[in-house]
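Take these sequences, add in the hints, and give me the full structure.
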Amino acid sequence: MIEVNKDNYEAEVLGSSLPVVVDFWGPSCGPCLALMPEVTKMAEEFEGRVKFCKLNAAENRRLCAGLKVMGLPTFLFYKNGELVDRITGAEVTLEAIRERAEKLLG
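Position 16 of the sequence shown, counting from 1, maps to 16 under full-length UniProt numbering, and the rest follow consecutively.
Any given hint could be a false lead.
[What the hints assert, rightly or not] The calculated DSS-like cross-link candidates involving lysine-lysine, where the alpha carbons are at most 25 angstroms apart (straight line), are:
#1 Lys79 with Lys6
#2 Lys103 with Lys79
#3 Lys54 with Lys68
#4 Lys103 with Lys41
#5 Lys68 with Lys103
#6 Lys6 with Lys54
#7 Lys103 with Lys54
#8 Lys68 with Lys79
#9 Lys54 with Lys41
#10 Lys68 with Lys6
[Claimed, not checked] What follows is a set of in silico ranges between Cβ atoms, one per label pair, in the way DEER data are often shown:
#11 Gly81 with Gly30: 29 to 39 angstroms
#12 Asp85 with Met1: 16 to 26 angstroms
#13 Glu3 with Ala34: 14 to 24 angstroms
#14 Gly48 with Glu3: 16 to 26 angstroms
#15 Pro31 with Leu83: 13 to 23 angstroms
Derived by calculation from the structure, the hints in this document are not laboratory data. The beta-carbon is built from N, C-alpha and C at its ideal position, and this holds for glycine as well.
As structure tokens, then:
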């Protein structure tokens, strides 16, 4: 997974030729930390087809506010540089992430 922040978000996410999944997490977010190992595995499964990135929300508050990310965990899904889907809070499950990542390929 690629670590993104305010400096490389545009290049890595909006400028990506592949669809992108961005995992917004925080060091004090239990659900975020619990999901991360499985999301990392999922990133390996989708390698070369969907780019998975992670963003530490605690270190990138202004970017999060600009993207209307108000709670954690949040996942944003991009295709051709456009935000096409998002899930947040209780909606975030491994199944929901996988389903939306698959949809990016369709």
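Now the hints, each set against the structure:
no., hint, result
1, Lys79 with Lys6, "holds (19 angstroms)"
2, Lys103 with Lys79, "holds (10 angstroms)"
3, Lys54 with Lys68, "holds (16 angstroms)"
4, Lys103 with Lys41, "holds (18 angstroms)"
5, Lys68 with Lys103, "holds (22 angstroms)"
6, Lys6 with Lys54, "holds (12 angstroms)"
7, Lys103 with Lys54, "holds (19 angstroms)"
8, Lys68 with Lys79, "holds (18 angstroms)"
9, Lys54 with Lys41, "holds (13 angstroms)"
10, Lys68 with Lys6, "holds (14 angstroms)"
11, Gly81 with Gly30: 29 to 39 angstroms, "holds (32 angstroms)"
12, Asp85 with Met1: 16 to 26 angstroms, "holds (18 angstroms)"
13, Glu3 with Ala34: 14 to 24 angstroms, "holds (19 angstroms)"
14, Gly48 with Glu3: 16 to 26 angstroms, "holds (19 angstroms)"
15, Pro31 with Leu83: 13 to 23 angstroms, "holds (22 angstroms)"
Comparing the model with each numbered hint stated earlier shows that all of them hold.
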